[in-house]
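Quick mapping for you: the protein sequence lines, in order, are chains A and B.
Under full-length UniProt numbering, the first residue of the first sequence is numbered 1, with each subsequent residue one higher.
Under full-length UniProt numbering, the first residue of the second sequence is numbered 1, with each subsequent residue one higher.
Incorrect hints may appear among the rest.
A pair counts as met if it fits within one copy or between any two copies, since identical chains are not told apart.
[As the list claims (entries may be wrong)] When the alpha-carbon atoms are kept at most 25 angstroms apart in a straight line, the in silico BS3-like pairs for lysine-lysine are as follows:
no., residue 1, residue 2
1, K272, K310
2, K167, K78
3, K167, K388
4, K389, K259
5, K78, K388
6, K310, K343
7, K229, K356
8, K388, K6
Simulated from the structure, these hints should not be mistaken for laboratory data.
Protein chains: 2
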Amino acid sequence: MQTIKKYVEANKQRFLDELFELLRFPSVSADPKYKDDVRNAAEYVAEKLRDAGADNVEVCPTAGHPIVYGEKIIDSSKPTVLVYGHYDVQPADPLELWETPPFEPTVRDGKIFARGACDDKGQFYMHVKAFELMQETGTLACNIKFMIEGEEEVGSDNLGTFVKANKQRLDADVVLISDTAMISLDSPSLETGLRGLSYLEVEVTGPNRDLHSGVYGGAVANPATILAKLIASLHDESNRINIPGFYDDVVELSDVERKALNEAPFDETDYKSDLGIKALWGENGYTTIERTGIRPTLEVNGIWGGYIGKGAKTVLPSKAHAKISMRLVPNQDSNKITALFSKHFESIAPDYVTVKVTPHHGGQPAVTPTDSIAYRAAEKAIEEAFGKKPIPTRGGGSIPIVSLFEDELGLKTVLMGFGLDSDNLHSPNEKYDIANYFKGIETIPLFHKYFAELS
Amino acid sequence: MQTIKKYVEANKQRFLDELFELLRFPSVSADPKYKDDVRNAAEYVAEKLRDAGADNVEVCPTAGHPIVYGEKIIDSSKPTVLVYGHYDVQPADPLELWETPPFEPTVRDGKIFARGACDDKGQFYMHVKAFELMQETGTLACNIKFMIEGEEEVGSDNLGTFVKANKQRLDADVVLISDTAMISLDSPSLETGLRGLSYLEVEVTGPNRDLHSGVYGGAVANPATILAKLIASLHDESNRINIPGFYDDVVELSDVERKALNEAPFDETDYKSDLGIKALWGENGYTTIERTGIRPTLEVNGIWGGYIGKGAKTVLPSKAHAKISMRLVPNQDSNKITALFSKHFESIAPDYVTVKVTPHHGGQPAVTPTDSIAYRAAEKAIEEAFGKKPIPTRGGGSIPIVSLFEDELGLKTVLMGFGLDSDNLHSPNEKYDIANYFKGIETIPLFHKYFAELS
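Next comes chain A alone, as it looks inside the complex (with noise of 0.2 angstroms):
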């Protein structure tokens, strides 16, 4: 832990110098614009792999954004870890509510504001500078190899491919990923399942042009008013989704699972303070802790239909939009999910409007296992970095890579994430603890010496 200590004290400027080059890259997956961006922040990142002392670094090409790979093998006795991260990031916009730019880093009391500083480059970027860390002092506990995707944020479209068709290269014992949070530094937690995601947008055409509303208002059906009513419908009285079927397949948790789970600490007081919100809402029957992160959730994540732009226009559009996204937790399939939500979709418009659905993208969800030795190793090195030992959560999140990796490689998961729930990801101001960023660097080391050694 010394030897740690003592790097990381004598390289923390450098750390976070690197770190800030890598998020000026406004490398945003979903927008082609940024296509080369994109590229340049892969390229950035296998420049910094080849630094740390990383072999057979390559940016490999996909159909998509290119996938990012290097490896360290010492000795192939020893057990392999794989890192896996993403250094795409999510949109900026609204851009104007950035309090600074977003692919300008900014320190403010002791936390990095860019965008992608938590969610997930600043997450991955620790394990590259720890495993140089390692390679420096010599310490090197296990073979590494690192597979750092450029398409998380999208989707991972072309990463099965890719896996399917680089088993020999990512054969692992366990696969290593920083991109999820704990509660807090004062009260580490280790998240133990993630939710899998079906994301659908939706179109709603009503007359085949937008008419003047004075003319043909009240007399034709308007796609907006519609489309509102039929997501309207999508949740009953209680909160549920009301989607037939959609339930099914859902593994409800025996009392004391639950209990366990709601022994995280959650203070409802401070959780709407800092949302601003008055009241919550959510799933009649659960706690807070429990829609987020056991219960599968829907959400209108846009829409938009009609004039949008300043002043009035009085105008029945023909068509309005939404993208809709809905959480889903063991055992439901993404797949089943998002063919349910379609076949429902369709059967309750009215014949007055044609809908239309297109899927997005989704996956699968996860649980991870707790008495493995890799979870007993990552509880080790949190244990001994943090002084304690790390609470089991259940993270509302979604990273398809996760059962990806378990179907094709056979390979379990480590969710070893240091980002907050307050880091604002995917929303505006979007930050990282430099503290977070820095403990992490000190822990990874300690989960490749643990994992060596309980092997």
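With the hints as your guide, set chain B onto chain A.
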């Protein structure tokens, strides 16, 4: 009639060229970035009034866009016709749906395609040319005054002030407006009523920032979902507007009046196929003609919230918005309805969101008498020009000025419109038939002739 036809025949091309020049000004009153274009359009109108022989032509400044005034007083003992029109137009978006540029007028099979072709540049300009015709052929039968404004599409905010301040100058015997539609050249009609308008914008706010839908989804109310539920609740199962007191002041027509109204030719099959819809929608118990003419309506003119760009973003938005307008019928009061809507919308908002309602603009409904000299003059003019007596109809649109004239100047209005419902008012590919343009120029002098004779 021969004099008229001869003069029109001899000047057709110039009449078209001048209108095209007027249509090339993107005089969009709603969008500040077109301020200068609006101004230039006003100057052009003034210039053309002078060319046609009007006196005291002036581009009168207002707090917003200017009002063009001009007059020709031939004999104070003769009746005076006040012509009202507007040179401003609706925004042209969605631009991609225009087959030819909105501000580059193009003729396709006898129709002029351009924003404002019918609403209202093409229609008010007929009066300028009809005035020129009467002037040049020495057939001017009435004194004539022009008031052409530039804010009709944004609620005529400054017209009231102007009218109040210029009662002397605007003194007349009747107001003549061409800003409405007739059934067809084969079935000429005269509108005897107009709906009023109440236009508001609503904002629903949930959390104080955009959130990650995986981390917070299911536990925090989504303002887009809540807005959808609120909008869905504004119409009941019979598609009646679900706002307490909304129908209190609505004047129900007698069965006789309804019967007369429904005698206007209407083919539901043609209507639906023109709009590309399988079924009609509307308030139960009323025909399409009634739904668009004598019944109040509520339409969503625009809705937006969350991520509406390309691709997918798993965000739980902080805010969602909608532009909502209501068409009002006699004796509903625009201000009262605006207040009722605001009060109701705020009252139904659940405590996990906050809502803000901002009124845009409004206008009072109006009915024009069919037993007046002016109406009979219009009837005779149309009968002579079209060879058919016009059918009295009730228009769905709103021209707030009509009630303003009645209240401030004590003047009745004649709505002698030559447009068609199919002219794509407020829509892409707005058009105006060249035949209607010239027919209007022929009909207007006959109105002046008969109005003078009958007075």
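Now the hints, each set against the structure:
With identical chains, the CA atoms of K272 and K310 are never at most 25 angstroms apart, being 32 angstroms at best within one copy and 31 angstroms at best between copies. For the homomeric pair K167 and K78, the shortest alpha-carbon distance inside one copy (19 angstroms) is at most 25 angstroms, but the shortest distance between copies (96 angstroms) is not. Within a single copy, K167 and K388 get their C-alpha atoms no closer than 37 angstroms, and across copies no closer than 83 angstroms, so neither meets the 25 angstroms cut-off. For the homomeric pair K389 and K259, the shortest alpha-carbon distance inside one copy (18 angstroms) is at most 25 angstroms, but the shortest distance between copies (81 angstroms) is not.
With identical chains, the CA atoms of K78 and K388 are never at most 25 angstroms apart, being 28 angstroms at best within one copy and 98 angstroms at best between copies. With identical chains, the CA atoms of K310 and K343 are at most 25 angstroms apart between copies only, with a shortest distance of 24 angstroms across copies and 37 angstroms within one. With identical chains, the CA atoms of K229 and K356 are at most 25 angstroms apart both within one copy (16 angstroms) and between copies (21 angstroms). In this homomeric assembly, K388 and K6 come within 25 angstroms of each other (Cα to Cα) only inside a single copy, at 21 angstroms, whereas the closest approach across copies is 99 angstroms.
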